[in-house]
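Peer 1: For reference, the chains in residue letters:
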Amino acid sequence: MALDKNGIAKRIAQELQDRWYVNLGIGIPTLVANHIPEEISVDFQSENGILGMGPFPFEGEEDADLINAGKQTITAVPGAVYFDSATSFAMIRGQHVQLTVLGAMEVSENGDIANWKIPGKMVKGMGGAMDLVASADNIIVAMMHTNKRGESKLLKQCSLPLTGVGCVKKIVTNLAVLDVTKEGFKLIERAPGVSVEEIKKATEGKLIIEGDIPEMNI
Amino acid sequence: MALDKNGIAKRIAQELQDRWYVNLGIGIPTLVANHIPEEISVDFQSENGILGMGPFPFEGEEDADLINAGKQTITAVPGAVYFDSATSFAMIRGQHVQLTVLGAMEVSENGDIANWKIPGKMVKGMGGAMDLVASADNIIVAMMHTNKRGESKLLKQCSLPLTGVGCVKKIVTNLAVLDVTKEGFKLIERAPGVSVEEIKKATEGKLIIEGDIPEMNI
Amino acid sequence: MINKVVASAEEACKEIQSGMTIMLGGFGLCGIPENCISELVKLKVNNLTCISNNAGVDDFGLGFLLQHRQIKKMVSSYVGENDEFERQMLSGELEVDLIPQGSLAERCRAAGAGIPAFYTPAGYGTEVGEGKEVRVFDGKPHILEEALTADYAIVKAWKGDKTGNLIFKGTARNFNPAMAMAGEITIAEVEELVEPGELDPNQIHIPGIFIQKIFKGHSYEKRIEQRTTRKKD
Amino acid sequence: MINKVVASAEEACKEIQSGMTIMLGGFGLCGIPENCISELVKLKVNNLTCISNNAGVDDFGLGFLLQHRQIKKMVSSYVGENDEFERQMLSGELEVDLIPQGSLAERCRAAGAGIPAFYTPAGYGTEVGEGKEVRVFDGKPHILEEALTADYAIVKAWKGDKTGNLIFKGTARNFNPAMAMAGEITIAEVEELVEPGELDPNQIHIPGIFIQKIFKGHSYEKRIEQRTTRKKD
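Residue numbers (the numbering used here), protein chains in the order written: chain C, 1 to 218; chain E, 1 to 218; chain H, 1 to 233; chain W, 1 to 233.
Among the hints, erroneous ones may be present.
If you anchor each label on the Cβ, the simulated ranges turn out as follows [unchecked claim]:
no.	chain 1	residue 1	chain 2	residue 2	range
1	E	78	W	97	36 to 44 Å
2	E	196	W	140	33 to 41 Å
3	W	231	H	135	56 to 64 Å
4	H	18	E	197	56 to 64 Å
5	E	151	W	11	55 to 63 Å
Calculated lysine-lysine pairs in the PhoX-like style (CA-CA distance at most 25 Å, straight line) [to be verified]:
no.	chain 1	residue 1	chain 2	residue 2
6	H	232	C	10
7	E	182	W	140
8	H	159	W	159
9	W	132	H	132
10	C	169	H	140
11	W	222	E	124
12	H	140	C	182
13	W	132	H	140
14	H	73	C	124
15	E	117	W	72
16	W	72	E	121
17	E	117	W	73
18	C	124	H	222
19	H	231	C	10
20	H	132	W	140
21	H	169	W	162
22	H	169	W	159
23	W	73	E	121
24	C	170	H	140
25	H	72	C	117
26	E	5	W	231
27	W	169	H	159
28	C	121	H	73
29	H	169	W	169
30	W	232	E	5
31	W	169	H	162
32	C	124	H	132
33	E	10	W	232
34	C	5	H	231
35	W	231	E	10
36	H	132	C	117
If the Cβ cut is set under 7 Å, some of the chain H residues that face chain C in the computed set are [said to hold, decoys possible]:
no.	residue
37	30
38	79
39	86
40	121
Rather than coming from a laboratory, the hints here were simulated on the basis of the structure. Where a beta carbon is used, it is the ideal one built from N, C-alpha and C, also for glycine.
So here's chain C without its partners, still in its complex pose:
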């Protein structure tokens, strides 16, 4: 059975390593914070200017001066620190953040990502995504394997304007975990009960399948 958004977040949480600073994008990536293994210590950076982001505040305790990059009210953990945008992106561009998790509309088999613009239609802007994908050593894309029309989001080539080139290292979708390699999308794990065939069908870009593909353990 294909994963729901929480399932995707749960699987991504397994990628986190002890002592990592992590930037979580809006949407599915935000949910990753709910699934951190207790035995590891990671800190969350939000690019609007906080390191040590905590959970949402209790009702009535929201502070308009304390939000995350998704404009949501948040809290800060003990040891948190606030800083300005230039310093925030110094952290990101300078590769002090070990992992970036973000959503995408399209990813190509060479690791290009598109997630900020649909020409003539949606105008959102790239926010911090272009800085994040151009800088981070580890970039995991969290997304559905196909779009609302059932079309693959894992493509030979992105059709939408790019956010970054050759930068995505790993993709976790509702169907699979894939590494982006020089040869294409390498299938690593299947969602529980999802067949290799289903993944093949949902993947337009080059898919590499070597040996038995295990099910995710979530």
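Go by the hints and put chains E, H and W onto chain C.
Peer 2: For chains E, H and W alone, kept in the frame of chain C given last:
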């Protein structure tokens, strides 16, 4: 009579304008702070990281963590602020400091300045001087008109390695006040009792003398 | 210390003219200069180029200026929350220059720091990099980005003293410091205005040298854009 | 939050090796990492490239390392106070790269901020500009300066918490923040080490993300280089 160092500083203080931020170099420039007219408000920046530098501390009240760019113990005035070196030179390079006063070994008639190195001999380094002279709109050089051997320090061309090119706007020496113009050193004022002839003799670079040259009023 | 105090938003903004380029601090609706934005609406200046990370929402923040068609061009990184913005942009009424958020912040800081240009990897290989110089450092392609300047920068701080020293609170800091450095003239509106010496000189986020005018804002709504909470267990 | 605490200077410096490039914070003798400098002397590592605004005095600060001939190359802006330095430099034993102070600070920050290079007017037309690209912006010539990196950055702060958040005091801040950002590994020694949460998150000068190891310094001499005072009237 030629001015002493305090006299030079006193004359330079007359150039300061209300609401200016000012950076004073080591040596004669430091003395300028003692002669600020009471009716104007100026703040002193020291490039090691303070804005709002006050006088030296009273004996016994020195703080090792509070020094100026000359490594002297200082105090801070109410409203002072401390900052890091990158921010300090952001202020300087970004032209937020209105006036820089510094010493020199040589100045050329086109405004070049040399004050950091004597090849094969003195090794000091440029400190912040290269940033200061490359950035400030107003640069006043405070120096003796001639060196210890009686040779002019106002030259056609600097013989020592340069600190900056075409940047000096005004020079105040023990003998005279001169503007650096496209045509050369323009004599503006004489030190009390010093003749134009004496200044001519002490100036190697092109000296422009137009009309009567008044005595300084200090 | 030099006194930068003016009486009000009206006094601070009175020389702002149509056609000017204005930077406005804030991220979303957090840390925006509410009082000056209201004043710009009153002033009816138009044809403005506004540099701000976001464009407010339909009826708050820069959305006010958009409603009144006072903005000719927006320079932002993310404008997803504003329907009126999207309408004006898609219809061609509004020019938009979208810039990666980190490059926007660094380009403001660069202007304030006298750095005319710098190299960054952000945007290489995308529309953002089109027409820009590419140079490879340590095997990685970068593009050349230039400093962003503005006639006015308008920022909002938590506390300020009369000489313009500013302290921000929480994530309301965001773009305010970098923009404060970049303005030809910088206006700071603050929630609390104190005498010089009342703020600890170790704890000031933006030194007063970057600020030309400061005033205590009349009132702050501080609207929350996405109120998210959890239940007490 | 991630815990960065190590027990001592010995523990913090144990992997520093001969031939490495090390940044050291401080301006003159103000804000220098005294405990780590002593440890480097003990470790007898040599052939070091040291990036530090100054080179200490003959018997304090980096002067210690010079006395013991542990430094192969100094990268500094001003070295006027140190006779042993001058002797080693003029005799050719010591390589020296003199850099304008503002460019030194900005090149450190750039390394930490992922900016590989930037343009500055400082040094144009001088020895510093020789061999560097010149580009004119707004009618003014600038030179291209590249980021300065280091295997280790060693900084000294006033207060720090266990996750590496740092607060500096007075003008002892100087080069410490920019260098803290630039080190491949950054060691912070502090006068006071507290639990995460004890420092106000609004008032931290350098976020812990830039710090890999932190410890409370054993003792601080904090020698004054130029004791200048005035008499009470």
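Peer 1: Look at each hint and say if it fits the structure.
Peer 2: Status of each hint after checking the structure:
no. : hint                      : in the structure
1   : 78/E - 97/W: 36 to 44 Å   : holds, 40 Å
2   : 196/E - 140/W: 33 to 41 Å : holds, 35 Å
3   : 231/W - 135/H: 56 to 64 Å : holds, 58 Å
4   : 18/H - 197/E: 56 to 64 Å  : holds, 59 Å
5   : 151/E - 11/W: 55 to 63 Å  : holds, 57 Å
6   : 232/H - 10/C              : holds, 23 Å
7   : 182/E - 140/W             : holds, 17 Å
8   : 159/H - 159/W             : holds, 23 Å
9   : 132/W - 132/H             : holds, 21 Å
10  : 169/C - 140/H             : holds, 16 Å
11  : 222/W - 124/E             : holds, 23 Å
12  : 140/H - 182/C             : holds, 17 Å
13  : 132/W - 140/H             : holds, 20 Å
14  : 73/H - 124/C              : holds, 16 Å
15  : 117/E - 72/W              : holds, 21 Å
16  : 72/W - 121/E              : holds, 20 Å
17  : 117/E - 73/W              : holds, 19 Å
18  : 124/C - 222/H             : holds, 23 Å
19  : 231/H - 10/C              : holds, 22 Å
20  : 132/H - 140/W             : holds, 20 Å
21  : 169/H - 162/W             : holds, 23 Å
22  : 169/H - 159/W             : holds, 20 Å
23  : 73/W - 121/E              : holds, 19 Å
24  : 170/C - 140/H             : holds, 20 Å
25  : 72/H - 117/C              : holds, 21 Å
26  : 5/E - 231/W               : holds, 21 Å
27  : 169/W - 159/H             : holds, 20 Å
28  : 121/C - 73/H              : holds, 19 Å
29  : 169/H - 169/W             : holds, 20 Å
30  : 232/W - 5/E               : holds, 24 Å
31  : 169/W - 162/H             : holds, 23 Å
32  : 124/C - 132/H             : holds, 22 Å
33  : 10/E - 232/W              : holds, 23 Å
34  : 5/C - 231/H               : holds, 21 Å
35  : 231/W - 10/E              : holds, 22 Å
36  : 132/H - 117/C             : holds, 20 Å
37  : 30                        : holds, 5 Å
38  : 79                        : holds, 5 Å
39  : 86                        : holds, 5 Å
40  : 121                       : holds, 4 Å
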